[in-house]
Amino acid sequence: MATQENILGRIREALRLPAAVPGQLHGDHSPAPTDAAAFRKYLPKTGADFEANCQLFAANAAGLKADFVRLPDFAAATAAVKEIARRESWRRLATHRCAATDAVCQNLGLDLLYTDQPCPTADLEKCEAGLSACEALIGQTGSVLITSRSCGGRALSVLPPHHVVVATPEQLLPDLPAAFAHIRQKYQANFPSCISFITGPSRTGDIERILVLGAHGPKKLTILLVG
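So for the sequence shown, my numbering puts the first residue at 11; every next one is plus one.
Where hints are given, some of them may not hold.
Straight-line C-alpha distance at most 27 Å; calculated DSSO-like pairs for lysine-lysine [claimed, not checked]:
id, residue 1, residue 2
1, Lys230, Lys75
2, Lys229, Lys136
3, Lys92, Lys136
4, Lys75, Lys55
5, Lys229, Lys92
6, Lys92, Lys75
Label-pair restraints from in silico Cβ distances [to be verified]:
id, residue 1, residue 2, range
7, Phe207, Arg26, 33 to 43 Å
8, Gln14, Ala199, 39 to 49 Å
9, Thr178, Lys55, 19 to 29 Å
10, Ala62, Ala24, 41 to 51 Å
Calculated from the structure, these hints are not laboratory results.
Computed from a predicted model, the values in this text were never measured in an experiment.
For each residue, glycine too, the CB sits at the ideal point set by N, CA and C.
Go ahead and model the full structure; you've got the sequences and the hints to work with.
See below:
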């Protein structure tokens, strides 16, 4: 009881004092910055142009154990997905309707499940892979930005063991501030219910600090940059 009373006594004492305004705890500070330029000096450097940011994204993706492939057109993207499907013995692919995914999925020769139409979760669980569009690729972190509204819902990027992302060059953004600015500009005050940054395949190192891929989501992540 002595330990319990000691803890509760400290909590009661702390509650008597008003909480400090964030950023003002150690004397006078300037207000927290609200523009992206003020944050960029604290973030990792990005490339000066598209090619530099593409190389940065490729390096970060490789470090995260994600596969990043540049392809000249959607015909090449379809051929690449066909080869992965053959190698991994896919029978069914989950996807959604949009210009990029439709262009890749034509003539795949696979049974397609569309997650932007009503579909049982049990059917999605039977898909060996999911193919989705994205909102953006972030060169600074090697992340894929997706939302539930334009990337096939919430489960498509999580449930199938292999997630394939299709992106186009204009979607490659240099850094996180640019990604958040893109979302604000596109959706204004009507944000999607789910916004996610996918940074490599799902992983955990909780048990004996041994890295295990696919613990809470896809074991493989493939990113196709088309064009």
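Could you tell me which of the hints above the structure violates, numbers in ascending order?
-> none
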